[in-house]
Structures are given as C-alpha cells and as structure tokens.
Amino acid sequence: MNQRDDDEADFYRTIGQAIRHQRSGRQISQSRLASLLGMSRASIGNIEAGRQRVQLHVLAWIAFELDVTIHSLVPEIMQTARPRGTMPAEEAVFTDSKAQEFVEETLRRAQEKQVSDGSFAS
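Mapping of the sequence shown onto the working numbering: position 83 corresponds to residue 109, and the numbering continues sequentially without gaps.
None of these hints come from the bench; they were simulated from the model. Be aware that one or more of the hints could be misleading.
To be verified - Computed beta-carbon distance windows for the label pairs:
| hint | residue 1 | residue 2 | range |
| --- | --- | --- | --- |
| 1 | GLN43 | HIS83 | 29 to 35 Å |
| 2 | GLU131 | GLU34 | 26 to 32 Å |
| 3 | HIS47 | ARG79 | 31 to 37 Å |
| 4 | GLN29 | ARG58 | 34 to 40 Å |
| 5 | SER98 | GLU34 | 31 to 37 Å |
| 6 | ARG58 | GLN78 | 14 to 20 Å |
| 7 | ARG30 | LEU82 | 18 to 24 Å |
| 8 | ARG135 | ARG77 | 28 to 34 Å |
Cβ atoms here follow ideal geometry from the backbone N, Cα and C, with glycine treated the same way.
Make a model of the complete structure from these sequences and hints.
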C-alpha cells in the first residue's frame, strides 16, 4: 500500500466514523438507517468501518436521513481542498447555503422518483 492508498483509506474511515457518531447520537440503529436507505445493515457497518467506499449520492441520502449536512460527514481537510489550477475557495461562486439547497433539491427529486416508481436505487 502506498501513501495515497493509506490517505484514501483514512478518508473513508473518517467519513464512516462521522456517520457512526451522527447515527448513534440520534439513537438510530444501523438496521434502521439501512432500512431508511434501502440498503443492508452490513453495508452500513462496512461504510462506518471504512471498508466500503460510500458513493456521493448515498452520502447525501445518509446526511438527509440523519438530518445533518454532507459537510459534517466529510473530513475537514477535504472541505478546503481544491484541484490544482482552480480558483481559491474565497473566490468560489457557490456558498454553503447554495450547496445545501442543491443537495436538498436533489434529495427531494430522488424522493419524488422513489414515491412515483416505488424504487430506491443505491
């Protein structure tokens, strides 16, 4: 394993720990969260342990079900990271509130789709 692999493993472990912290603080079991998301309890356990990489849309659904922002589940170092050659964070066009609105709208549309077709794709 190289340094980048170690960093990625730490990144997903940290996300998993944040999910576990938020979930347990709200007294929601892994089974209950899994049921709300249409996933298996084992998947939630693996995500929380950092063994399973959580997809962005699933992270958004987890944040929604836990009533937290995605921002609160992402390691702090990544919240300020930006690709090389992009504008500095202070020049960014989108604010946190706009990002939050986007996520909420995306989740609302996903829920409408779930209700209309009876599915919950993960």
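Taking the earlier hints as the rules, which of them does this structure contradict?
Violated: hints 1, 3, 5.
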